[in-house]
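Peer 1: In case you want the letters, here they are:
Number of protein chains: 2
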Amino acid sequence: MFNEKMHRLGSNRSVIRELFEFGKQLAAKEGADKVYDFSLGNPSVPAPAVVKTSIQKQIDLPNSTALHGYSSAQGDPDVRKAIAAHIKSSFGAEADPDLIYLTVGAAAALCITLKALREEGDNFVCFAPFFPEYTVFTEATGSALRPVPMQKDCQMNLEEAAKVIDKNTKGVIINSPNNPSGAVYSEESIKALCALLSNKSKEYGHPIFLISDEPYREIVYDGIKVPYLMNYYDDVVVCYSYSKSLSLPGERIGYIAIDPKATMAQELYYAVCGAGRVLGYVCAPHLFQRILLDCVDAPADVEAYDKNRKLLYSSLTEIGYDCIKPQGAFYLMVRAPEPDANAFSDRAKNFGLLLVPGDTFGAPGFVRISYCVSYDMIVRSLPAFKALFATYAK
Amino acid sequence: MFNEKMHRLGSNRSVIRELFEFGKQLAAKEGADKVYDFSLGNPSVPAPAVVKTSIQKQIDLPNSTALHGYSSAQGDPDVRKAIAAHIKSSFGAEADPDLIYLTVGAAAALCITLKALREEGDNFVCFAPFFPEYTVFTEATGSALRPVPMQKDCQMNLEEAAKVIDKNTKGVIINSPNNPSGAVYSEESIKALCALLSNKSKEYGHPIFLISDEPYREIVYDGIKVPYLMNYYDDVVVCYSYSKSLSLPGERIGYIAIDPKATMAQELYYAVCGAGRVLGYVCAPHLFQRILLDCVDAPADVEAYDKNRKLLYSSLTEIGYDCIKPQGAFYLMVRAPEPDANAFSDRAKNFGLLLVPGDTFGAPGFVRISYCVSYDMIVRSLPAFKALFATYAK
Numbered sequence: 070m071f072n073e074k075m076h077r078l079g080s081n082r083s084v085i086r087e088l089f090e091f092g093k094q095l096a097a098k099e100g101a102d103k104v105y106d107f108s109l110g111n112p113s114v115p116a117p118a119v120v121k122t123s124i125q126k127q128i129d130l131p132n133s134t135a136l137h138g139y140s141s142a143q144g145d146p147d148v149r150k151a152i153a154a155h156i157k158s159s160f161g162a163e164a165d166p167d168l169i170y171l172t173v174g175a176a177a178a179l180c181i182t183l184k185a186l187r188e189e190g191d192n193f194v195c196f197a198p199f200f201p202e203y204t205v206f207t208e209a210t211g212s213a214l215r216p217v218p219m220q221k222d223c224q225m226n227l228e229e230a231a232k233v234i235d236k237n238t239k240g241v242i243i244n245s246p247n248n249p250s251g252a253v254y255s256e257e258s259i260k261a262l263c264a265l266l267s268n269k270s271k272e273y274g275h276p277i278f279l280i281s282d283e284p285y286r287e288i289v290y291d292g293i294k295v296p297y298l299m300n301y302y303d304d305v306v307v308c309y310s311y312s313k314s315l316s317l318p319g320e321r322i323g324y325i326a327i328d329p330k331a332t333m334a335q336e337l338y339y340a341v342c343g344a345g346r347v348l349g350y351v352c353a354p355h356l357f358q359r360i361l362l363d364c365v366d367a368p369a370d371v372e373a374y375d376k377n378r379k380l381l382y383s384s385l386t387e388i389g390y391d392c393i394k395p396q397g398a399f400y401l402m403v404r405a406p407e408p409d410a411n412a413f414s415d416r417a418k419n420f421g422l423l424l425v426p427g428d429t430f431g432a433p434g435f436v437r438i439s440y441c442v443s444y445d446m447i448v449r450s451l452p453a454f455k456a457l458f459a460t461y462a463k
Numbered sequence: 070m071f072n073e074k075m076h077r078l079g080s081n082r083s084v085i086r087e088l089f090e091f092g093k094q095l096a097a098k099e100g101a102d103k104v105y106d107f108s109l110g111n112p113s114v115p116a117p118a119v120v121k122t123s124i125q126k127q128i129d130l131p132n133s134t135a136l137h138g139y140s141s142a143q144g145d146p147d148v149r150k151a152i153a154a155h156i157k158s159s160f161g162a163e164a165d166p167d168l169i170y171l172t173v174g175a176a177a178a179l180c181i182t183l184k185a186l187r188e189e190g191d192n193f194v195c196f197a198p199f200f201p202e203y204t205v206f207t208e209a210t211g212s213a214l215r216p217v218p219m220q221k222d223c224q225m226n227l228e229e230a231a232k233v234i235d236k237n238t239k240g241v242i243i244n245s246p247n248n249p250s251g252a253v254y255s256e257e258s259i260k261a262l263c264a265l266l267s268n269k270s271k272e273y274g275h276p277i278f279l280i281s282d283e284p285y286r287e288i289v290y291d292g293i294k295v296p297y298l299m300n301y302y303d304d305v306v307v308c309y310s311y312s313k314s315l316s317l318p319g320e321r322i323g324y325i326a327i328d329p330k331a332t333m334a335q336e337l338y339y340a341v342c343g344a345g346r347v348l349g350y351v352c353a354p355h356l357f358q359r360i361l362l363d364c365v366d367a368p369a370d371v372e373a374y375d376k377n378r379k380l381l382y383s384s385l386t387e388i389g390y391d392c393i394k395p396q397g398a399f400y401l402m403v404r405a406p407e408p409d410a411n412a413f414s415d416r417a418k419n420f421g422l423l424l425v426p427g428d429t430f431g432a433p434g435f436v437r438i439s440y441c442v443s444y445d446m447i448v449r450s451l452p453a454f455k456a457l458f459a460t461y462a463k
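Quick note, the sequences are listed as chains A and B, same order.
Sequential numbering of the first sequence, starting at 70, is according to our numbering.
Sequential numbering of the second sequence, starting at 70, is according to our numbering.
Quick caveat, the hints were computed from the structure, so don't treat them as lab data.
Treat the hints with caution; some may be incorrect.
Any copy, or any two copies together, can satisfy a pair, since identical chains are not distinguished.
To be verified - Simulated pairs of lysine-lysine, DSS-like, Cα-Cα distance not exceeding 25 Å:
#1 K74 - K330
#2 K93 - K150
#3 K150 - K330
#4 K74 - K236
Treat the numbers as computed from the prediction; the structure is a model and nothing was measured.
With the sequences and hints as input, model every part of the structure.
Peer 2: Listed below in structure tokens is the structure:
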């Protein structure tokens, strides 16, 4: 009667959403203070003040028809110029405003990019652990996602990547800082990946694109630097979102930036415009385009996340959990004290702890903890983590 | 190298966008006052005052993380409830908040609905004249769009529809008030269409869905009523947008409402959720979801459009043009004084008049005039229309 695949994807909620809904029910029954919800990646830090002043400025302008009217499909030219200038001043890379395409968030940016690139028979490669919707987005184009198995430290496993990439690989998706591990790929490993891709591109006689999903770019700790890929490789497509850096995930504003050095960059841009049209994206929300003129350079507020990170990492390690220390994003991966992370996640529920099992992230045996929550909730959750751990000592 | 179809769709702009870009160049060369741009459907009436006060209210709330955070994929429950209440109070139809899905505008609503419904071999039917992106959206699902040929008065040609609909027809798209004709389908013709669809559904043993693309619902003149489809048929899916009624086209906010009486409505809703996920729509822009709580009942300001309509229709008719009198929306269809509307549109450019040829709308021999422009521009354009018409008398 309906499209069976859409029905399946709509009725089987993602494991994250399932946990989130369970948490709401539990809170209704037991009280909100008995639930420690670490399931969702919804920023807990308010948007920087400049977001509000900029919205205020925009709505006080005399011409509301221009403000709320359509922009061109690619986004307003002055906004694209401001983004290119930000890329130049922050990373020294030469971005071209006419190769930037504003999107309805990073998910749209990825869907559009994959659809623009994909030809019959193509596959896309990513590194485990990875954001599970990559599978949905890649399969939506009619191609397959091939995850490179996880390396113990959650850096990229390049030895395995060399085996997974083949002549039909159109692109490699990387996500650093990473969801779910919080890993930031080192400059050394980025260089090695780019060398691998250059060699493979030569070998197969076609470019392999490096698709950089980087909504967490600014969420980094201990002064660590995230290498800007356009400075290391030519065939780069950046998929960015202001969801996390400006705490605007619900407003759906991001962009695609094609490296001006990319093979046939202008033609790829046309394909991006076509894919945006086919997927029904008329333009990115216009008010939130306009505020970027004031906000592109606003620094992300990472202090609260860092405080959470330190507390959680040190406390859980002290309790006895095996944790992967995050360098960025607001996720912490913890090894389940039993082989099956789903069983561990289920047991954790009994203590009010909502931890996402890592299987769909390509990280079986681990759970993901989103620490974009209140510091207070983390403090209150620690006895529950301790009690949960104790059940494994018996 | 890239997806060839996406490249083609991205490099060949729609005929509307082509004209719009030409107009910008002409204005730069000849002066903006020499260009009469009737190409785009970008509302010229400002958003009602309640939009600004509501945005103000929202950004003044203490909790900006909730305001700008993710909503559930379907949209906030209280917003969906407000929309259902509006449907009930305005049209007397029983909408169910849990069968409403907020979207990034009407284009997204249509793309999602078509993708949710479409099974292998399906086709979709629409009535000429029709919005050309229907072809793009339908083909994106892998199915075909079958337009029913235009009837002289731009009402639905039901005799032809009976021939076009076949056993593989999954849905019929209707758009009333209509873009590009401004026609509002009469209650009589809606009843006849519903009877036809009921019979065909019975004959073929599966429901044929009625997909109502209705962004212009409130833009009607002379007190005319737009029949609400849920009151006439069971298998209805409404695709609505606030783009025109609230003059917010750039903010991308609309919804899908599935008729609670529809066959397996809950299952269809799941398929809608799945299709939204696959197309990369995480949620509708949250700030603009929230303002709907204040704005769902705001009346559209149609006075300015009506003034434009009357001036244009009477003036062009007086000059000698053959016009189809619009009952709604802000478009006027005019018969080209020569068989080829493209040639007419080209000739019109010499007079600074940007008129969209109707071929891609399924209305060859006609041009579309968007009169969501300033009254003053219409007044100034009339001598150009007269001079253009005079060239055909020679």
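Peer 1: State whether the alpha carbon distance between K74 and K236 is at most 25 Å within one copy, between copies, both, or neither.
Peer 2: Result: close only across copies, 22 Å inter versus 28 Å intra.
Peer 1: Is it within, between, both, or neither for K74 and K330, if the alpha carbons may be no more than 25 Å apart?
Peer 2: between (38 Å within a copy, 23 Å between copies)
Peer 1: Should K93 paired with K150 be assigned to within, between, both, or neither, using CA atoms and 25 Å as the limit?
Peer 2: between (43 Å within a copy, 19 Å between copies)
Peer 1: Evaluate K150 and K330 at a C-alpha cut-off of 25 Å and name the case that applies: within, between, both or neither.
Peer 2: within (18 Å within a copy, 50 Å between copies)
Consistency note: the structure conflicts with none of the earlier hints.
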